[in-house]
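Chains as they are written, first to last, in the working numbering: chain F, 1 to 655; chain R, 656 to 848; chain L, 849 to 970.
Some hints here could point you the wrong way.
Quick list of in silico lysine-lysine cross-link-like pairs, BS3-like style, CA-CA up to 25 Å [what the hints assert, rightly or not]:
| id | chain 1 | residue 1 | chain 2 | residue 2 |
| --- | --- | --- | --- | --- |
| 1 | R | Lys-665 | F | Lys-218 |
| 2 | F | Lys-590 | R | Lys-665 |
| 3 | F | Lys-584 | R | Lys-665 |
These aren't lab readings, by the way, just hints derived from the structure by calculation.
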Amino acid sequence: MDWQWLIGRMNLSYLPHEPITMGAAVGMPLTLVAIAAALTYFKKWGYLWREWITTVDAKRIGIMYGSVALIMLARGVFDALMIRSQTAVGGPGGSQLFNTDTYQQVFTSHGVIMIFFVAMGLMFALFNIAVPLMIGTRDVAFPFLNAVSFWLFFAGMILVNGSLIFGGFSIGGWLGYPPLTELQYSPGPGVDYWIWSLQVAGIGSLLSGINFFVTILKNRAPGMTFMRMPIFVWSVLVTTVLMMIAFPILTGSLALLSLDRLMGMHFFTSMGGGNPMMYVNLIWAWGHPEVYILVMPAFGIYSEIVATFSRKKLFGYKTMVIALIAIMFFSFIVWQHHFFTMGSGADVNAFFGIMTMIIAIPTGVKVFNWLFTMYRGRITFASPMIWFMCFAVTFTIGGVTGVLLAVPAIDFQVHNTLFLVAHFHNVIIGGVVFGYIAAITYWFPKMFGFHLHEGLGKAAAYFWQVGFLLSFMPLYALGLMGAVRRLDNYSDPSWIPFFIVSAVGVVVVGIGIACQLLQIAYSIWKRKELHATSDPWDGRTLEWSVPSPAPFYNYAIIPEVSRVDEWWYQKQEGVKAPKDSDYKDIVLPKNTSFGFVIGMTAFVGSGALIWHIWWLVVVSFIAIVVMIIMRTMDDFTEYTIPAAEVMRMDKEARA
Amino acid sequence: MSESAEMIAKRDKVQLGFWLYLMTDCMLFTSLFATYMILRNSTNGGPGGSELFSMGFVLVETLILLTSSYVCGLANLAIHNGRKKEFVVYLGATIALGIAFLTMELTEFGKLIGEGHTPQTSAFLSAFFTLVGTHGLHIAIGLIWASVLIWALYRQGRQEDILRKFSLFAVFWHFLDVVWIFIFTIVYAMGVK
Amino acid sequence: MQKAREYRRQQLRYAYAYLLAGALSIATYALAVSASTFTDTSFAVIVLCAAALQLYIQSRYFLHLDDKEAPRWRLLSYAFTWFTLLIIAVGSIWIMNHLNYNMGMSPDQMDQYMNSQSLKGF
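Full structure from sequences and hints, please.
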């Protein structure tokens, strides 16, 4: 009896053979078993299911996104450590710490994890935590869809980590260019893991984009016109537009590549008429908006932080909005700058080069506006402000090297060298990472009711800043000296000192991250001493008017807004206590297991596609369709809290 | 039966959200169209559109889908005016014409594959089958959706509920015909020339 | 009675749009199968115009995307989507058609081409 069809192409040879991957393959399941044991011992399964797995509350979903992202940050930095330790010893006469195939998987997973699971994860965490509170509403427009998005993200995460245990990951870089990622050169499951984890997480992102766009358009508190929204909300709005336009292109490109691999088609193969360069074009048509998707919420965060910690209204609200919209528009017409050298010729290169340089202008406007906000403010150098100042220095350097790269003639010299690697880490770490960490510090008290320890936070910032400089400044020099990216060994001995400094830099960043992990653990331990009020930073926006931690219904009474920074001015004028008659019934969505189940079915279905278990693909697909139909037929998805109960809970929380 | 303010607000959000989803679907089709346009001459030495496409057949397909979209519009009108029986007739006609369209498309695909012009033969054929096939997949999903709507109508029959769900389907169905305009023009008409 | 008349009127609008759209499709078909005197480019332009016209008719009458009836965001997001869609589609075709690989030249021809480009003095 032939059982092969039952398990597709799975077999034991796909278990890992190298020490590090074997360690991970054993360590990860062991950790999960330990967690399961702890949950059983403390009898917390019910709690976990009721309060977290089936939740549709944006704040809880945001915390879950953030937790997954931080765990993946640890893995991504470990990957970086592996890369830099290899390059430090990879000079002439040096050693090979792990074989090249592993090295390729490491730099691929480093990129994938950092972009899709750390940066996107933290971004969605912040959207969920801050946006509904900032616009004075109770939840997002489609809470169930929100849960589905998270569990799809989670499914993608399991796929990336699962590849470590069984099958190995892609060796094609974080963008997976064909023909390397076609069947001819990558027949194994690695590239398929890559395709499906991105595809599933990408669909989650797309749905979130729609969700938050509708939320901001339709859920704003009465009186909050567009020009009275916090700038962070504007940055989210612009980001969701980019998401809705760009992510379908990723879906399409990955789908075409998967058709090549699963059904032997010829979109990007080197034979049969395929055109691999078309893939490069399409994937960057997504890829460029993607990096702006990552950085624009960070810009929004800086606007909030600088205004709050300078105790001064943001300079140039209108121009900030216009700059955001301008950056959004321009990010659609620059994507070719990622492949100047592919051979489109001078005309095409010139057009895209000029457009790329123009983007620097609205970005510069924003930086100046932040500085002007600080001017003559009464500045508090709390750690979010320190992160901002690190950003201002770091991002500016990165932005300037970006304008350098925008010149096609220069790009021809440094394309795909370490110069490029230094540039994009410069802007991503300076812009995205520093911004999201600052935001976590800023909003942590609102979510949990206690602060993160300040001293450790500042130490983390300094370690990150110094570590970044040590890691990446040498790479600019190396790139100009001709060192290309993704190399694990090289023959020029004069490069060795630079690689060693860079390796030291990663260790320093690692110390910074250790400070952050310590900070979280210590703050939880000392949470009574670090207790936070509802408005610990003397904030300007509405979220600081609710108790900390924020109640599950956000606002007992929906606020009315008449100007920007409404909460700030209310505090100046005297906050009015609510009358008993102001409390109304609240309607909230019920918890549901469907989000989790759909996510896990997507994981199973993707696994089936990766391993060619066709019957399971069909079953999973039908299951998802059936669950969607069942959900749309369900009329009882909400519950009501009577006004009296709301009043009681509110008075208790404020006491 | 009047709707509360919350119901109206909720319906408004769902309509906006669904419309935005359709816009993202537009972008997906854009990447497929762009790919087709680039690869349409990469026939790997084999025959191209002018040899493989039969315009008369495709014209009939096009008119069937167009009629289906028209009848769907009439169904939309009917349910907005509370005419339940007319609605069911028009929706049934929409589904029947949709099935006819899909059958014709599958026949075309079957014929091509039977003659050895598979998606695995060349980049042109990969792009053709994927673009037209993705549209067909959307049609199939639409047909499933419409059937579930009819079943829901007889199961609960609550007017405003079905109205809300149907207007989403109608927008979806019209949108698919809009995409087909461009498949007809760019793939078939320009391919045959 | 007033409602019934309004109903009939709206049904007729759908019918007119349907017939117009159908006529445009048939016209495109006729042009495609005729032993034509058009060049490839002018044929493409004509049928794309016919498609654009049909797009307008279907958008306006089937999708109800006129200024007064639909909420503003529908028309706005539709227009914006078309705008970016054209950028991506036309941009991709522009880029890909320019690639040296696609110009199908031999190495010597490529050398000649590169030299002539540099003489243009950009």
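Right, here's what the structure says about each hint:
Our distance criterion of 25 Å between C-alpha atoms is met by R/Lys-665 and F/Lys-218, whose separation comes to about 9 Å. Using a Cα cut-off of 25 Å, the hinted pair F/Lys-590 and R/Lys-665 holds, with the two alpha carbons roughly 16 Å apart. Proximity of F/Lys-584 to R/Lys-665 is assessed by CA-CA distance (about 19 Å); at most 25 Å being required, the pair is judged to hold.
In summary, this structure violates none of the numbered hints.
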